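*Asks:* Residues per chain, in single letters:
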Amino acid sequence: MKIVLNGELHRVRAKTLADLLQERGFSGRVATAVNEEFVPSSLRTSHKLSDGDRVEVVAPMQGG
Amino acid sequence: MKTFYGTALPNPLMLGTAQYPSPAILEQAFRQSGAGVATVSLRREAGAGQTFWQMIRDLNVLVLPNTAGCHTVKEAVTTAHMAREVFDTKWIKLELIGHTDSLQPDVFQLVEAARILTEDGFEVFPYTTDDLIVGERLLSAGCQVLMPWGAPIGSGRGLNNEYALRAMRSEFPDVPLVIDAGIGLPSHAAHAMELGFDAVLLNTAVARAGDPAVMAKAMMQAIAAGQLAHQADPIEARDMAEPSTPVIGKAFLS
Chain A
1 MKIVLNGELH RVRAKTLADL LQERGFSGRV ATAVNEEFVP SSLRTSHKLS
51 DGDRVEVVAP MQGG
Chain B
1 MKTFYGTALP NPLMLGTAQY PSPAILEQAF RQSGAGVATV SLRREAGAGQ
51 TFWQMIRDLN VLVLPNTAGC HTVKEAVTTA HMAREVFDTK WIKLELIGHT
101 DSLQPDVFQL VEAARILTED GFEVFPYTTD DLIVGERLLS AGCQVLMPWG
151 APIGSGRGLN NEYALRAMRS EFPDVPLVID AGIGLPSHAA HAMELGFDAV
201 LLNTAVARAG DPAVMAKAMM QAIAAGQLAH QADPIEARDM AEPSTPVIGK
251 AFLS
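Chains as they are written, first to last, in this note's numbering: chain A, 1 to 64; chain B, 1 to 254.
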C-alpha cells in the first residue's frame, strides 16, 4: 500500500505502524503520528495502517 | 528560591542547542557555562536524531523540549505529546507562533493549548509576551511558570520593554519568570536578572557568536552578577548628582 512517510510517498508491505518503522529502518527514540494524530509507542503494534495514511516519525533535534 | 514545577534549577541559565557551528562547540558551550537546562526540539528523523540525543544525555542537564514552529493548538498539542514520549519529561516549552516575521506568540491559542496540556499532565513553560492579562490567563490555565519575551526570537535586541517586564515582575512576585528570547549580550541577561527575573533562556546570542563557548561563559557570569545585584537591593536612579565624597571637612583652598 501507499503511505506518505515524513512527506514522501512510499510503497510499503507493512500492515501496522510498528512494521512500517521496522521496514523503513527506524530505531532508537522516535515518536509517531498518523494523519496528524499522536500514536504512542505502546499502540504502534496494534495500529493498522490504511492506504494513503500520512505518517510522521520524529526524533530529537537541536532547538531553542 | 523559586522552583520550576518543584525542580530547583542548578543555575538560572537555560541554553538552546540549535545553530552551533558543530556538536563539539555546543558541548563546550554547555561545559563552559554550566547551563543547567537544554532546550531541544523534534523534527522528522533523518538519521541524526539518535546521535544528538546521546550527546544531550551526556551533558547531564535538564531537558526542555519545545513546540517551535507550531502555528495551531492541535499541532502544538500533538508535538507536546510526541516530545513527552521521546524525551521522557512532562516539561514542555510551549510556543505557538502567531506572526511570521516577529515570531510573536499567538497568545489566544497559547492559553488554549496551555489549558489542554495542563489537563493532560504536562508542566507547561509558555513562551509569551509581556502582557499581564495573558499572564493571568496562563496561570489560570494551570501554568506555574511564565516566559515573556525580551525581544523577538533571534533579534538580539535585549529587553525591548523594560517597563512592561518590571510590571510583570511586580504583578507576579511568586511566579517563576524567565526571559525567553531576544537576548543578544551578557549585559541584556544581567539586566533581566537585575529586574528580578528568575532565569534567562537564550540560544542565538551564544550559538552565533564568534566563540560560542566563551560567550556562554560570559552569559553565565553576567546572569550570576545580575542575580547577586538584585539580591543586594540596587539604588534608585536619580536625575541630579549627589556627591559620594563627604562635603564636610573639605579644606578651604580658594
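Just so you know, these hints were derived from the structure itself, not from any lab.
Since we're looking at a predicted model, the values are computed, not measured.
Treat the hints loosely; a few may be bogus.
Unchecked claim - Counterexamples of contact, computed for chain A against chain B with all Cβ distances above 10 Å:
no., residue
1, Lys2
2, Asn6
3, His10
4, Ala14
5, Ser27
6, Arg29
7, Thr32
8, Glu37
9, Thr45
10, Lys48
11, Leu49
12, Ser50
13, Asp53
14, Val57
15, Met61
Stated by the list, open to error - In the DSS-like style, the derived pairs of lysine-lysine whose C-alpha atoms are separated by at most 30 Å in a straight line are:
no., chain 1, residue 1, chain 2, residue 2
16, A, Lys48, B, Lys90
17, A, Lys15, B, Lys74
18, B, Lys74, A, Lys48
19, B, Lys90, A, Lys2
Ideal placement from N, C-alpha and C gives every residue a C-beta, glycine not left out.
*Asks:* So is Glu37 (chain A) really clear of chain B, every C-beta pair being over 10 Å apart?
*Replies:* violated (7 Å)
*Asks:* Arg29 (chain A): least C-beta distance to chain B exceeds 10 Å?
*Replies:* violated (5 Å)
*Asks:* According to the definition I'm using, a residue is off the interface if its beta carbon is farther than 10 Å from all beta carbons of the partner; does Thr32 (chain A) meet that for chain B?
*Replies:* violated (8 Å)
*Asks:* Run the C-beta distances from Val57 (chain A) to all of chain B and say if the shortest one exceeds 10 Å.
*Replies:* Given that some Cβ of chain B is not farther than 10 Å from that of Val57 (chain A), nearest at about 5 Å, it is violated.
*Asks:* Beyond 10 Å from every Cβ of chain B: is that where the Cβ of Leu49 (chain A) lies?
*Replies:* Leu49 (chain A) clear of chain B: closest Cβ-Cβ about 18 Å, beyond 10 Å.
*Asks:* Hey, is Met61 (chain A) genuinely clear of chain B, shortest beta carbon separation above 10 Å?
*Replies:* violated (4 Å)
*Asks:* With the threshold set at 30 Å, check whether the alpha-carbon distance from Lys90 (chain B) to Lys2 (chain A) stays at or below it.
*Replies:* The given pair, whose Cα atoms are some 35 Å apart, is violated under the 30 Å limit.
*Asks:* Taking the closest pair, is the beta carbon of Thr45 (chain A) still more than 10 Å from chain B?
*Replies:* Holds: least Cβ distance 15 Å, greater than 10 Å.
*Asks:* Could you grab the alpha-carbon distance between Lys48 (chain A) and Lys90 (chain B) and see if it respects the 30 Å cut-off?
*Replies:* holds (28 Å)
*Asks:* Check the hint pairing Lys74 (chain B) with Lys48 (chain A) against an upper bound of 30 Å on the C-alpha distance.
*Replies:* holds (23 Å)
*Asks:* Far enough from chain B: is every CB of that chain over 10 Å from the CB of Ser27 (chain A)?
*Replies:* violated (8 Å)
*Asks:* Is the Cβ of Asp53 (chain A) farther than 10 Å from every Cβ of chain B?
*Replies:* holds (15 Å)
This entry does not satisfy hints 2, 5, 6, 7, 8, 14, 15 and 19, going by the numbered hints stated previously.
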